[in-house]
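**Student:** For reference, the chains in residue letters:
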Amino acid sequence: MSMVNNTAKTYTGTATSRVDGRAKVTGAAKYAGDFNEGGLAYGAVVESTIARGRIARIDTSQALRVPGVIDVITHENRPRVADTDQAWKDDVAPEEGSPFRPLYDDMIKFNQQPIALVVAEEWEIARYAASLVRVDYEKQPFVTDVYRKRDDAIVVEKPDKLRGDAAKAFAAAEVRHQADYFIPTEHHNPMELFATTAMWDGGGPLTVYDKTQGVQNVQQYLCGVFEKKPEEIRVISPYVGGAFGAGLRPQYQVVLAVMAALKLQRSVRLVLTRQQMYGLGYRPATIERLALGARRDGTLDAITHEAVGVTSQFEEFSRNDTGWSALLYTSPNARYEHRVAPLDVPTSCDMRAPGAATGVYALESAMDELAVALKMDPVELRMRCYSDRDQNEDLPYTSKCLRECYREGAAAFGWDKRNAEPRSMRDGRNLVGWGMASGVWEALQMPAAVRIVMTANGHAEVSCAASDIGTGTYTIMAQVAADSLGLPIENITIHLADSTLPRAPVEGGSWMAASACHAVVATASEVRKELLRLAKLMKASPLADTVEEDVTLSDGKLVSRTQAERGVSISDIMRHGAMERIEKEKTNEFAEDKAHARNTHSAVFAEVKIDEELGVIRVTRVVSAVAAGRVLNLKTGRSQVMGAVVGGIGMALHEETVYDHGFGRIVNHNIAEYHVPVNADIHDIQVIFVDEPDALVNPLGIKGIGEIGIVGVAAAVANAVYHATGVRVRDLPITLDKVLARRPAT
Amino acid sequence: MIPFQYTRANNVADAVRLIAANSGAKFIAGGTNLLDLMKDNVERPTKLIDISRLPLTSVEETASGGLRIGALVPNADLAWHPLIEKRYPLVASAILAGASQQLRNMASTGGNLVQRTRCAYFYDTATPCNKRQPGSGCSAVNGINRGHAILGASTSCIATHPSDMCVALVALDATVHVTGPNGGRTIPFADFHRLPGDTPHIDTNLGPDEIITAIEVPAKGFATNYSYLKIRDRLSYAFALISVAAALELKDGTIQEARLALGGVAHKPWRDVAAEAALRGRPAEEASFAAAADLLLRDARPQAQNGFKIDLAKRAIIRTLTQAARGTPQSQSNKTIQ
Ligand SMILES: Cc1cc2nc3c(=O)[nH]c(=O)nc-3n(C[C@H](O)[C@H](O)[C@H](O)COP(=O)(O)OP(=O)(O)OC[C@H]3O[C@@H](n4cnc5c(N)ncnc54)[C@H](O)[C@@H]3O)c2cc1C
Ligand code: SF4
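Sequences listed follow chains X and P, in order. The opening position of the first sequence corresponds to residue -9 in this note's numbering, with each subsequent residue numbered one higher. The opening position of the second sequence corresponds to residue 122 in this note's numbering, with each subsequent residue numbered one higher.
Rather than coming from a laboratory, the hints here were simulated on the basis of the structure. Built from N, CA and C at the ideal position, the CB exists for glycine as well. There's no promise every hint is true.
[Unchecked claim] Taking lysine to any residue pairs in the SDA-like style, the calculated list, with each CA pair at most 20 Å apart, reads:
{"#": "1", "chain 1": "X", "residue 1": "Lys129", "chain 2": "P", "residue 2": "Ala247"}
{"#": "2", "chain 1": "P", "residue 1": "Lys160", "chain 2": "X", "residue 2": "Ser121"}
{"#": "3", "chain 1": "X", "residue 1": "Lys129", "chain 2": "X", "residue 2": "Asp95"}
[To be verified] Listed next, with one range per pair, are the computed distances between beta-carbon atoms:
{"#": "4", "chain 1": "X", "residue 1": "Ser88", "chain 2": "P", "residue 2": "Arg129", "range": "51 to 59 Å"}
{"#": "5", "chain 1": "P", "residue 1": "Ala344", "chain 2": "X", "residue 2": "Ala5", "range": "46 to 54 Å"}
{"#": "6", "chain 1": "X", "residue 1": "Lys218", "chain 2": "P", "residue 2": "Ser454", "range": "53 to 61 Å"}
{"#": "7", "chain 1": "X", "residue 1": "Lys218", "chain 2": "P", "residue 2": "Gly428", "range": "53 to 61 Å"}
{"#": "8", "chain 1": "X", "residue 1": "Asp721", "chain 2": "P", "residue 2": "Gln222", "range": "28 to 36 Å"}
{"#": "9", "chain 1": "X", "residue 1": "Arg140", "chain 2": "P", "residue 2": "Ser454", "range": "42 to 50 Å"}
{"#": "10", "chain 1": "P", "residue 1": "Asn162", "chain 2": "X", "residue 2": "Ala161", "range": "28 to 36 Å"}
{"#": "11", "chain 1": "X", "residue 1": "Arg140", "chain 2": "P", "residue 2": "Ser221", "range": "33 to 41 Å"}
{"#": "12", "chain 1": "P", "residue 1": "Ala395", "chain 2": "X", "residue 2": "Asp721", "range": "34 to 42 Å"}
{"#": "13", "chain 1": "P", "residue 1": "Asn162", "chain 2": "X", "residue 2": "Glu85", "range": "25 to 33 Å"}
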C-alpha cells in the first residue's frame, strides 16, 4: 500500500469537514443509550412531587406486582454506597457542600428528585410500574424564588484587594448609571437525553456507556460512590449529542444505572425523559446590579457589579460572574461581589460560558445605558475605556485584539450608518434597532495526554480520553495529528472518550482544543524522534548527521527542514528498523506564565426589527467578530460561534425555566413550552475571526472558541431592542408583552 | 404510560360500536396530542380504537357549493389541498400557522378539534387541575397564567383552546358531522366547543360515543379579503398568545359582511357575531376595526399575568382586519407582519 501523499497538505486552520460527520448522519455513531449486547433490563425513575420534606412512606408493592418488573430500588433497599461527601465529589463539584446522593435517604431536597428506580424487562413495563409507586410525604416549607432570598445570600466571590473606592467615586461621578438586571433559570436542553447503559459482565469490570463530557471524571466518581478500584469500572462515551455543560458533572442516572446493575447483576439501561432532565442542573437565575460612574469624556471612574445567583441548599455552585466587569474596562475604582442564594432546588451548574454569559450581559447592557446617558456612540465608549491590561490582576494579555473586533465587526455590520436616536430607524411598520456588546472569556489549558500508534503502512491511531460533545474535537485532533505526523488526514484514526485511554480533563471551559492539540503535537514529536533514531541507523542514511530540531514529518517522509531533498519515507525507516509499530504517549506541557492574562474577546452587533404596534421581535442580522487566537478549523469553528449566537438569541428572547413558586415546581418542563429559537427566529449570522497571532499563550497559539461566541449576544440584542423602541427591558427574556407594556408614553 | 388495549376500527359503524361498548376507550387518529397526554398519565384510556385508517380522507364538493372535509384528512394535506388553497385560504393559512411540518403531517382534521388545552398544570399530575381531576382546584388561577383566557373563563378553569385551524373554521360557519349509536347529526362549529363553567373537564359537545366524520364549510370562503395572524413567543412552533381570523366582503370600500374570530383567548375558538354586525355597512378603515375590537373585547377580564393580552388582542384585530381589507393576508412563511 502506498502511504505517500503526493501533495503535502496542511490541515490546521482550514475548513476541514468533520471526520465523524459520516458516522453521525448515517446513524453509525452510537450514543450512550444505543449500546445493547442483549439481556438488558430497563430502568424508569420515580421523581418527588414536592420541593422539600421527607418521605414518610413509600409503597412499591403494586409496582412489584406488575409482571416483568425485576426490582424497585428506593432508599430503603438500595445497596451500600459510600457515605462521605469526599467519595461523592467529582472533579467539577463545588468546593463547598455535600453532593447530592440519589436514593440515599428519605430527605427530599428539591422537586423532581429521584426517589425510586423501577427496573423491568422492558422500558414500557418499567415506566408503567413507576406510575404505581405510592409516596406519602411530610412536607416542609420551601423557597424557590431567588428574590425571596436575595438578602440572605452568601458571598462567594470578591476581589482580593480593593481597587480604589467605587462607592465614593460613583457618588462623585459626572454621569451615573445604576440598574438591576435579571437572567432567569435556563436549562441546557441538549438534543440527546441523559442516558447510561451499564454492562454487567459476570462480575468482571463493569462497562458503563454514559452521556458525559468527561469519562474519567465519571469513572473516578463511580469508583468513589461504589467503593470500587479503578480497574473495576470503565466508562465510555464515544459520541455526545450536545451537553452545553450539563454533562460536566456525573448525573444521577449514571449512579442509578450502575447501582441497579451491581445489585441485580445484570446489564441495565436508563434513559431519562425530557421532563426528567429539568430535575438536573441549570444555569442559575441571577440578579445583577451594575453601577457605572463616568466622566463626560466617556472614561470610567467607578464600576460596581454585585450579583446574586441561585444554588441548592446543599452545595455552593457559582462561577466568576461579576469579576468580568472589573477586568474588562479601565477604571481607577472598581468593586465586585457575587453572592449565592441557597434555594430548595437542585444545584445549579455550568452552562455555556457560565458566569460570563450572565455577568457580561448585565455589564454590557449597563455600558449601553451609560452610552445613552453620555450621548456617545456605544463603540466609542468602549474604545475610551479600552484596557490593554487585565484590570483585576494588572497584567498584560498574551494577546488582545478586541479593538480589531470592534473595527471589523462594525465595518461588516455597517455600524457607521446608525442613527443614535432610539426609534429613529424604520422599515415599514417595524422599528429597526442596532445594538452592540463586547464579549470576554478565558483562554485556559489543562494537562492532557495522547497516545499515538504509528504503523509501517503510514497510518496512525491517536487516542485520548477527551470527549467530543459535538464541538469538533475528533476533527481538530485529526487535523493537527495529520500535520504533525506528515500524513493525509484519511490515515489518522482518533479514539476518544474511553476512561482507559490517556488522561484528559473534562470537555469544558473552552480548554480542550489547546489541551488536546498540544498533547498531540508533543506525542508526535516523540514519534518523530524515534523515527529519526531509526533513520540514522540506516545505511547511507541521508539524515545521518541531522539533529532532532532539523527534521520534520511531511508527505509521509521524515525530511530535513532546510534541505527538502534529504529525506526518507516513514515506511522505509520502519521496514529497515523491522518495526511494525511505534507507540508513544506523552502529556502536554505548558510553560507556567504568571506574567500574562489569557482571554478571548468578541464584539457582537445585532439588528432587530420590531413591529411597533404588536411588539413582535425579529433578530434580522448578527455580526460576531471573535478574537480567539488561532482558529484550527474554520468550518467547525464558525459552527461553534454560530451555534453560540443562536444560544445568545435564545437567552435574549426565549429561554426561561418557568417556576410556579407556590409549588416550587417547574411548569414548562418540556421543549414545546421551554422555548429555544427555531429556524424562523434565526436569520443572517456572520462570523468573523479576527487575526490574533499569539506566541505567548501556548506554542500553537490556541485559545479555544467553544464559549466566547455566546458572551455578549444577549446584551447586543437587548441593546438593539432599546435602540428600536426606547424600551429598556432588564429582565430576560425580552418578550413582546414586556416591550409593549413598558413603551414610553407618546 | 399505562397499559391499554389496542384495536382497529374497520368502518365508522364499527368505531361507534367499539367506543359505545368500552367505557374508558378513546379514539386515536394522528396521536400527536393523545400520546403525549398518555405518556404523562393525564389520559388513561383502557383501550385505543385506531381510526386512522378509516376512509375519511377525502375533500369533496357539496351540492350547496361548500366542501366536506373528511375527519382523517391530515392537517398538512388539507392546508395544501388545491380547493382549500383557492377557495378557503383562511383555513390553509390557519393550519400552516400551527405546530410544525412534522406534526401537521400526522395530525388529523378531527383530532385538531378535540385536542386539549396546553395549560401546564393540566399536563402535570403533581398539581391540582379541575379539567384533569374535577374538584381538585385550578392551579392556574393563582399560578402561571400568562397564556390563559381573557374571555369566557370561569372560576373553575381559565384555560384556552390551543387550535389555530378551529379559529378559521368557526369564522367560516363550518359544521361538524358526527356519528353516534343513534346515527348522524351535525353540530354548528360555534356550538362544538364549550365554555368551562363548572364542568371544565368537558371540552366539547361531542357525545362520549360519537365520532367526528367530517367538517363541512359552506360555499362562502372569503378568498379575496381574509387574513390569519398569530402572535406568539417565537416566530414558529409555538402556541398562540393571540390569533385572529378575519374575513371581509367589501363593496366600494364598505364592509358588506365580516367574520371575526380569536384564538388563544378562551376555552373555545372565540367568534363574536355582534362585533361582526358592527362592521357591516361601515367603511373598511381603522376606526371601524377598532370599534369592532372594543365590542369584541367588552367583557374581557385579565388574569394576574395576562393583562397584556387584552390590548394586544385589540391591536391584532385591527391589524388582521387591515390585512384582510387590503387583500394582503399574513404570510405564514415570511414572518414579517405587514
Ligand atoms: C409540540 C406541539 C405543538 C403544537 N402546536 C400547535 C399549534 O401551534 N397550533 C395548533 O393548532 N395545534 C398545535 N398542536 C396540536 C396539534 O394540532 C394536535 O395535536 C393535532 O391536531 C391533533 O390531531 P391528532 O389527529 O394527532 O389527534 P389525536 O392525538 O389522535 O387525538 C386527539 C383527541 O381527539 C380525539 N379524536 C381524534 N379524532 C377523532 C374523531 N374523528 N372523532 C372523535 N374524536 C377524535 C382523540 O380521541 C383524542 O382525544 C401542537 C402539538 C404539539 C405536540
Ligand atoms: S386553567 Fe383549567 S386546565 Fe389549567 S389548571 Fe385550571 S382547571 Fe386545569
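**Student:** A separate judgement is required for each hint: does it hold in the structure or not?
**Tutor:** Okay, the hints, checked on the actual structure:
1. Lys129/X <-> Ala247/P: With Cα atoms ~14 Å apart, Lys129/X and Ala247/P stay inside 20 Å; holds.
2. Lys160/P <-> Ser121/X: holds, 10 Å
3. Lys129/X <-> Asp95/X: Measuring from Cα to Cα gives roughly 15 Å; hence the hint holds.
4. Ser88/X <-> Arg129/P: 51 to 59 Å: holds, 54 Å
5. Ala344/P <-> Ala5/X: 46 to 54 Å: 49 Å Cβ-Cβ, so the 46 to 54 Å window holds.
6. Lys218/X <-> Ser454/P: 53 to 61 Å: holds, 56 Å
7. Lys218/X <-> Gly428/P: 53 to 61 Å: holds, 58 Å
8. Asp721/X <-> Gln222/P: 28 to 36 Å: holds, 33 Å
9. Arg140/X <-> Ser454/P: 42 to 50 Å: holds, 45 Å
10. Asn162/P <-> Ala161/X: 28 to 36 Å: violated, 59 Å
11. Arg140/X <-> Ser221/P: 33 to 41 Å: With Cβ atoms ~39 Å apart, the hint holds.
12. Ala395/P <-> Asp721/X: 34 to 42 Å: holds, 39 Å
13. Asn162/P <-> Glu85/X: 25 to 33 Å: Between Asn162/P and Glu85/X, where Cβ atoms are some 40 Å apart, the hint is violated.
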